[in-house]
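J.: These protein sequences, in sequence, are chains A and B.
Per numbering that gives the first Met the number 0, residue 0 is the first one in the first sequence, and the count goes up by one each step.
Per numbering that gives the first Met the number 0, residue 0 is the first one in the second sequence, and the count goes up by one each step.
Hint data in this document are derived by calculation from the structure and do not stem from the laboratory.
Warning: the hint list may mix true and false statements.
Claimed, not checked - Selected chain A positions facing chain B (Cβ under 7 Å, derived; list incomplete): (1) G65; (2) D324; (3) P334; (4) G339; (5) A361; (6) G362; (7) S461; (8) I483.
What the hints assert, rightly or not - Looking from chain B toward chain A, a few residues come up when the C-beta cut is under 7 Å (computed): (9) T195; (10) L199; (11) W203; (12) S208; (13) A210; (14) G291; (15) T292; (16) F294; (17) R298; (18) P301; (19) R304; (20) S306; (21) N331.
Think of the CB as a built atom: it goes at the ideal place given N, C-alpha and C, for glycine as much as any other residue.
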Amino acid sequence: MSEPVIEVAGINKAFSGNRVLNNIDLAVHSGEVVCLCGENGCGKSSLIKIISGVYSSDAGSISIKGVNYPSLTAPQSINAGIQVIYQDFSVFRNLTVAENISLSYRVQKKKWFINYDFNRALARKALALIGANLDADEEIERLSVAEKQLVAIARAIVQDASLVIMDEPTTAITQKEIEKLFAVIRGLKEKGIAVMFVSHKLDEIAAICDRIVIMRNGKKVVDSPVADFETERIAYYMTGQEVSETPFEYIPAGGRPMLEVENAARSGEFESVSFSVKPGEILAITGQLGSGRTELAKSLFGLAPIQSGKIKIEGRETRIASIKDAFANGIAYLPEDRLGEGLFLNRSLGENFSSAIIDSMAGPLGLIREKRFEELSARWMEELNMSRKPYTTPASDYSGGNQQRIVLGKWLAARPRIFILNCPTVGVDVKSKSEIHEIMKRLARQGLSIIMISDDIGEIISTSNRVVIMNAGRVTLEAETNGITADEISRRILADAPRHGETE
Amino acid sequence: MIENILGRIKKMDRKFTQLAMISVFLFVLMTALRGDRFLRPANIDSMLFQLVEPGLFAMCIAIAYLSKGIDLSIVTIANLVGIVNGILLRRTVLPDGSNATAMLLACLAVSVLIGLLCGLLNGVLIAKVGIFPILATLGTQNVFMGIGMILTRGRAEGNFPKALLEFGNAHVGGVPLLTILFLVMFAALCAVVHKTPYGLKLQWMGSNSKASWYSGVDNVKVTLTTYMISGLMAGLCGMVIMARSNSAKADYGVSYVFQALLTCVLGGISPLGGRGKVYNVLLSLIALQILGTGFNMLRVSPLIRDSIFGFLLVISILLDYIAEKRRAEILNRRAVNKNETDPAGQ
């Protein structure tokens with residue numbers, strides 16, 4: 000085989016004490032189409048950012064076309080021929096097609112002046128090369144999503160790309176446009192350009208990729224030619240179910256539902272969403288990125304209130320227009336981005352655990368009683384199976400799984416009746432993951448109503464008793480978990496639903 | 000036993016030990032160089048007096064910094080308070096001064112009111128409108144100064160009642176009364192920041208405003224409260240300036256802002272928000288006071304003195320950033336090592 004376009008070895012990376020990449024070795028050869036798969040938070044984005052010089056790795060080596068780069072920077076990576084097309088394409092909306100395509104070229108070649116004729120010629124050539132039929136003088140704003148993508152690809156080509164990395168290029172475009180994109184990728188392949196393609200869709204992987212690389216919890220777990228790989232096993236490799244968990248058994252207790260959502264809608268995000276949760280239930284809500292699941296969860300927490308429909312709590316219609324309302328109604332929300340939205344990294348354990356109930360920590364003079372911090376921390380460290388540390392320890396001293404528990408504890412300390420967890424185990428190691436699942440099950444048995452947003456089908460099956468699948472803002476399926484298989488869920492999640500653009 | 004105590008202090012707060020050592024070192028140095036003049040009671044007394052104004056302003060900056068903001072308008076708030084009070088006193092105090100005490104109490108109320116209102120304006124611009132604190136308070140700084148200028152036509156208000164000047168020079172047990180009052184306020188601020196729910200919310204917001212919002216902290220309210228406290232302290236400082244200098248002027252003491260920033264950064268209150276202990280500000284205040292007096296006694300040119308203070312600010316901010324970066328690196332390295340030696344984590 001030819002010399003690799005890029006070869007990385009022993010790549011390690013950690014953020015705020017959480018390891019996201021663990022000794023990654025990877026080589027991509029010219030003319031190869033490699034599929035990179037993995038769940039949210041498995042480290043694939045970090046790997047891409049290291050290859051493109053956006054992040055620097057903590058350890059490991061990177062060589063591009065045989066040249067070693069001890070500390071790769073983004074300009075170096077671009078000059079060496081690595082191009083990344085991000086999910087948002089990073090195009091300049093206020094510029095024309097020609098300007099967008101030629102801009103980075105000019106930067107790269109250190110041109111001082113702009114020659115519009117040259118821009119146009121360059122853009123036309125690049126667009127012709129990938130067989131795209133676009134007007135070079137059109138403004139980007141007027142283009143469709145798929146057309147913007149073509150512009151981004153053309154821009155990559157004019158910069159002498161030898162490896163084009165595409166981050167989930169097919170999530171936002173229609174089936175027809177996907178076909179076109181694949182034709183473009185095949186064209187690139189013929190020109191000897193390597194393509195790294197991030198996707199989870201089995202049919203796409205089989206159709207276009209030569210090799211499949213699967214990552215899980217920051218490690219590379221599969222690196223195999225697609226021909227030798229049983230694509231059905233992709234879900235197994237992505238989620239990794241070495242730890243067998245006892246499925247959650249919901250014992251119907253009768254009584255009225257804790258939370259009822261009727262015909263809830265927010266324009267452009269979700270519509271006619273109805274479901275209910277009883278005390279002691281764990282309801283899973285799943286769907287692709289952009290299916291409206293996160294937006295729905297946030298509305299229930301008052302972050303972006305619903306615009307029509309009803310929310311009933313214990314049968315009473317309730318308006319939840321702010322976090323304050325959610326608090327008053329006993330609704331807690333565990334954000335997906337626990338570092339960014341849930342945790343005060345440099346603050347103590349005691350403060351973190353008490354942050355949702357801080358006003359109740361003060362004594363008669365309005366001064367906080369340290370003793371209460373200590374008691375609260377001791378209690379939740381115990382309850383959440385955390386190793387005992389003094390309550391003054393900063394949260395940054397804990398690992399990812401334990402940080403997730405700290406955020407859990409902070410909400411549990413507020414004694415919620417409804418607990419919404421957004422991807423509670425993303426980026427958490429397998430052991431902590433199953434422990435978090437156990438905690439959730441225990442809480443449900445104690446009568447808490449739990450709504451869990453998750454992409455992880457294994458997690459949905461083992462921890463929830465009911466699942467709601469959303470697609471393009473609508474609920475497409477609601478079912479008892481024990482009556483549905485993983486394949487069925489996966490098929491329903493990925494099913495082509497009418498897209499917003501087409502229904503409007 | 001001494002080692003035991005030192006060990007405990009060190010464990011408690013490294014910044015505290017550093018600052019205490021610097022202060023002691025500077026004190027000893029000055030005693031060695033100019034002990035005869037430095038240790039003279041009159042000098043000590045004037046140093047204690049001089050602590051008050053920069054100290055109050057540093058308290059304002061400290062809480063603004065903790066909220067990840069800044070308040071550049073504090074000195075002009077103080078000046079505005081002085082001017083309004085000056086006009087009030089000029090028009091109401093009888094020639095025989097018989098109602099001076101009552102009017103001074105009214106002035107105190109006016110100071111509090113103006114301080115709170117100015118702070119509220121800052122808070123609204125920052126929290127409700129969403130203007131960057133540095134821009135918002137730079138703007139209001141000029142607004143407050145402008146109002147002061149218009150009220151006085153650029154001249155100074157002065158000749159305040161004797162009662163005020165006596166209050167300003169009063170001593171209790173040999174210590175200036177103003178210094179004592181300042182220390183009481185300082186202790187109160189320490190308690191508010193580090194011991195009350197508001198104080199913790201303030202620091203959480205400064206360290207991660209998104210997480211504080213998700214935790215149910217009303218960031219708008221916290222920001223408003225913060226700038227109102229800052230305005231309040233600045234307003235009271237306006238009274239102090241009146242009592243100490245017997246005058247009020249729209250553009251008095253603008254360099255105090257810089258001094259307050261320097262005091263806070265040296266005291267370990269990070270401009271990056273949410274990090275630092277307020278009590279350390281007192282130590283850095285003392286250290287800078289000794290340094291300033293020292294420069295005076297050693298006849299260091301004011302030009303050189305200002306540039307040295309400038310260097311100090313840049314260097315301490317630089318050190319703050321480097322320390323922050325190192326902390327993150329150490330954490331990451333620890334995570335990588337931990338995973339390697341801990342197969343159970345997989």
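J.: In ascending order, which of the hints set out earlier in this document are inconsistent with the structure?
T.: Of the numbered hints given earlier, those the structure breaks are 1, 2, 6, 7, 8, 12, 14, 15, 16, 17, 18, 19 and 20, listed in rising order.
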